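Enquirer: Please work from the sequences and hints to get the whole structure.
So the chains spell out like this:
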Amino acid sequence: MPTLRVPSQLKYYLDNQTDVALTGETVGDILRELVDQYPKIQSHIFDDKGQVRRHINLFVNKENIRDLKGLGTPVGEHDIVKVVPSVTGG
Amino acid sequence: MELTKEEILRYSRHLLIPEVGLHGQEKLKAASVLVIGTGGLGSPVSLYLAAAGIGRIGLVDYDTVDETNLQRQIVHGTATVGRLKVESAKARLLDLNPGIQVDTYNQPFTSANALAIAKNYDVLIDGTDNFPTRYLSNDVAVFLGKPNVYGSIFRFDGQASVFDARTGPCYRCLFPEPPPPGMVPTCAEGGVLGILPGTIGTIQATEAIKLILGIGDSLVGRLLLYNALDMSFDFVNLKKNPKCRVCGPNADIRELIDYEEFCGVPGHDHETGSAGADWDITAPELASRLMGKNPPLLLDVREPHELQISAIAGALNIPLGTLAARLSELDSAREMVLFCKAGTRSTRALELLVSAGFKRVKNLQGGINAWARDVDTGLPVY
Chain A
14 MPTLRVPSQL KYYLDNQTDV ALTGETVGDI LRELVDQYPK IQSHIFDDKG
64 QVRRHINLFV NKENIRDLKG LGTPVGEHDI VKVVPSVTGG
Chain B
51 MELTKEEILR YSRHLLIPEV GLHGQEKLKA ASVLVIGTGG LGSPVSLYLA
101 AAGIGRIGLV DYDTVDETNL QRQIVHGTAT VGRLKVESAK ARLLDLNPGI
151 QVDTYNQPFT SANALAIAKN YDVLIDGTDN FPTRYLSNDV AVFLGKPNVY
201 GSIFRFDGQA SVFDARTGPC YRCLFPEPPP PGMVPTCAEG GVLGILPGTI
251 GTIQATEAIK LILGIGDSLV GRLLLYNALD MSFDFVNLKK NPKCRVCGPN
301 ADIRELIDYE EFCGVPGHDH ETGSAGADWD ITAPELASRL MGKNPPLLLD
351 VREPHELQIS AIAGALNIPL GTLAARLSEL DSAREMVLFC KAGTRSTRAL
401 ELLVSAGFKR VKNLQGGINA WARDVDTGLP VY
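For the record, the sequence lines run as chains A and B.
Going by my numbering, the first residue of the first sequence is number 14, and it counts up by one from there.
Going by my numbering, the first residue of the second sequence is number 51, and it counts up by one from there.
Wrong hints could be hidden among the right ones.
Cross-link-like lysine to aspartate or glutamate pairs, in silico, EDC-like; alpha carbons within 16 Å at most [to be verified]:
{"id": "1", "chain 1": "A", "residue 1": "Lys53", "chain 2": "A", "residue 2": "Asp28"}
{"id": "2", "chain 1": "B", "residue 1": "Lys409", "chain 2": "B", "residue 2": "Asp426"}
{"id": "3", "chain 1": "A", "residue 1": "Lys24", "chain 2": "B", "residue 2": "Glu353"}
{"id": "4", "chain 1": "A", "residue 1": "Lys75", "chain 2": "B", "residue 2": "Glu385"}
{"id": "5", "chain 1": "B", "residue 1": "Lys290", "chain 2": "A", "residue 2": "Glu76"}
{"id": "6", "chain 1": "B", "residue 1": "Lys77", "chain 2": "B", "residue 2": "Glu57"}
{"id": "7", "chain 1": "B", "residue 1": "Lys409", "chain 2": "B", "residue 2": "Asp330"}
{"id": "8", "chain 1": "B", "residue 1": "Lys289", "chain 2": "A", "residue 2": "Asp80"}
{"id": "9", "chain 1": "A", "residue 1": "Lys82", "chain 2": "A", "residue 2": "Asp42"}
{"id": "10", "chain 1": "B", "residue 1": "Lys289", "chain 2": "A", "residue 2": "Glu76"}
{"id": "11", "chain 1": "B", "residue 1": "Lys293", "chain 2": "B", "residue 2": "Glu227"}
{"id": "12", "chain 1": "B", "residue 1": "Lys293", "chain 2": "A", "residue 2": "Asp80"}
{"id": "13", "chain 1": "A", "residue 1": "Lys24", "chain 2": "B", "residue 2": "Asp280"}
{"id": "14", "chain 1": "B", "residue 1": "Lys140", "chain 2": "B", "residue 2": "Asp153"}
{"id": "15", "chain 1": "B", "residue 1": "Lys409", "chain 2": "B", "residue 2": "Asp328"}
{"id": "16", "chain 1": "B", "residue 1": "Lys290", "chain 2": "A", "residue 2": "Asp28"}
{"id": "17", "chain 1": "B", "residue 1": "Lys77", "chain 2": "B", "residue 2": "Glu117"}
According to the in silico footprint, chain B covers these stretches of chain A (three or more CB under 8 Å from chain B) [unchecked claim]:
{"id": "18", "stretch": "60-69"}
{"id": "19", "stretch": "94-102"}
Over 12 Å on every C-beta distance to chain B, these chain A residues come out as not near it, computed from the model [stated by the list, open to error]:
{"id": "20", "residue": "Pro20"}
{"id": "21", "residue": "Val48"}
{"id": "22", "residue": "Gln50"}
{"id": "23", "residue": "Pro52"}
{"id": "24", "residue": "Gly85"}
{"id": "25", "residue": "Glu90"}
{"id": "26", "residue": "His91"}
These are calculated hints, taken from the structure and not from any lab test.
Only a predicted model underlies this, so the values are computations on that prediction, with no experimental measurement involved.
Every residue gets a Cβ at the ideal spot worked out from N, C-alpha and C, and that includes glycine.
Expert: Okay, here's the thing in structure tokens:
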């Protein structure tokens, strides 16, 4: 199963996990299943219109889905979908 | 810029490295770096740049050193608590290396002064602690055509990159817009492992020195994702965003803007602790109300582990992150006073309750830390 990975600032919405295994053939599928299983994370990734928030980047392995096929980017069995939000601390 | 005999001795371990050598050390001596922020990241960055012999280091900060800084801001010390951060840091850097020049800017880095300050430096270091100053630093670097060595941290996670719009993406290519106000917590609200800025800041200093020397593969076009808990270093690739509003082909932002308005938050991570005069109650006022008839319900919106540090007896604990899902536990007819550590999270909780129709709600101005200072002085401030 593909893995979705979040930084620690978001793990609190995933029952304290940074990695969760999810099923799906595209990044969009993976995110839908993520929100189904962990509804508390929805507002941290999606805005009120259901669009991915602009401070959130999604990568499949090393590549930004913006440079691939967006939420339609295919995800394979061993791929890792990385959620990379902006971080402010310094 | 030739080295003196004393400098040849001081930098001997650099001169022995073929990639640096005498010529490289002369480049470092001739270079100038602006460190924006003299806090967690700015501390290791400025210390290592000074030790490495960067000829001129600029420091921008308008804050003073306080006790809560010292867990991670290692350029300062107990003896400099209360002093201006730029002066505290300058003294330490010149003690480490009297042969360099340290310029200090004891002022906020704003649209009014940023270009004038930054234009005199070769490399910019983003060591800021808030989104408005991050976007400002990025745009300044893009407009001046300079590299912006980026780092940011939260709890156990760090990010680092080199944004240089001349050859790669900028910060806005990656993050076109800031998060909604309050969605991404600051270190003042959520904490940070003290060593984390040491790791990320040291990487920023390394990148700055590589850029000046012109050696190695820089982080241009790559974002480092560091997790101290897993001890993992991961990299993802960054490309220029063709829709970038400052460095894209159709850029429409051509001058500095109002960054606090753009981000909807202030250009610092200090907690003001106030929800506005109409909504605030001071700690002494609350103490008096709790002694009288019909005392309000106290609602503590901090995380459970914070109750081990300090607590007010009788308060109901519902962490801010779960409040929206637990509104049914609250009686909207009962007057409530909300509090957290210093008043930022309770202000957000108050906004949430008001938008849900609660009318009899107040914010404890300055949070439980104000209560500890003004009422129950036996409690610690954190």
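Enquirer: Quick check: which numbered hints come out false for this structure?
Expert: Numbers 2, 4, 16, 17, 20 and 23 - these are the hints that the structure violates, sorted from lowest upward.
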